[in-house]
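Visitor: Please construct the entire structure, taking both the sequences and the accompanying hints into account.
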Amino acid sequence: MFNSIYIYGLGMMGGSLARAIKEGNISQKVYAYDADQKSLNYAKKHKIIDSYDNDNFIYLSDADLIIICAPIGAYKKIFRNIKKYKKPDAIITDIGSTKTEITNIISIYFLSHF
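Just so you know, we're using my numbering here: the sequence shown kicks off at 1 and counts up by one.
Bear in mind the hints are in silico, worked out from the structure with no lab data behind them.
Keep in mind that this is a model prediction, so the values were computed, not measured.
No false leads were slipped in.
Across the chosen pairs, the derived CB separations fall in these ranges:
| # | residue 1 | residue 2 | range |
| --- | --- | --- | --- |
| 1 | 1 | 73 | 31 to 41 Å |
| 2 | 38 | 61 | 22 to 32 Å |
| 3 | 61 | 41 | 17 to 27 Å |
| 4 | 103 | 47 | 33 to 43 Å |
| 5 | 41 | 13 | 16 to 26 Å |
| 6 | 103 | 46 | 33 to 43 Å |
| 7 | 104 | 47 | 34 to 44 Å |
| 8 | 91 | 58 | 10 to 20 Å |
| 9 | 108 | 45 | 34 to 44 Å |
| 10 | 98 | 16 | 14 to 24 Å |
| 11 | 76 | 97 | 14 to 24 Å |
| 12 | 104 | 25 | 31 to 41 Å |
| 13 | 81 | 13 | 14 to 24 Å |
| 14 | 56 | 88 | 17 to 27 Å |
Simulated crosslink set (EDC-like; lysine to aspartate or glutamate; CA at most 20 Å straight-line):
| # | residue 1 | residue 2 |
| --- | --- | --- |
| 15 | 22 | 50 |
| 16 | 76 | 53 |
| 17 | 77 | 94 |
| 18 | 29 | 64 |
| 19 | 83 | 62 |
We put the beta carbon where it would ideally sit given N, CA and C, even for glycine.
Guide: Here it is in structure tokens:
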């Protein structure tokens, strides 16, 4: 069990994943970020997530597991934020189906890890 899982992108897939994590008791807390405030409000109101970040990313900095559920085109901005705010031992993964482009983007922000 994780203490805190962070869903970065709370659309259809991210929201479904967050709900499954909550229902499966995989994490004590589930936090999220999304560009659409309505999605965040809905998810919190319906207890799909415990809370959400705005641009302060306080919950991102506490996450044990970060799952990116956003379009590939947003990954550069997302990795900038993750690099800036994540804790050193956080695990980062995504639900995207392509890996070559993602690996190229990751190497820009986390080159020392490759």
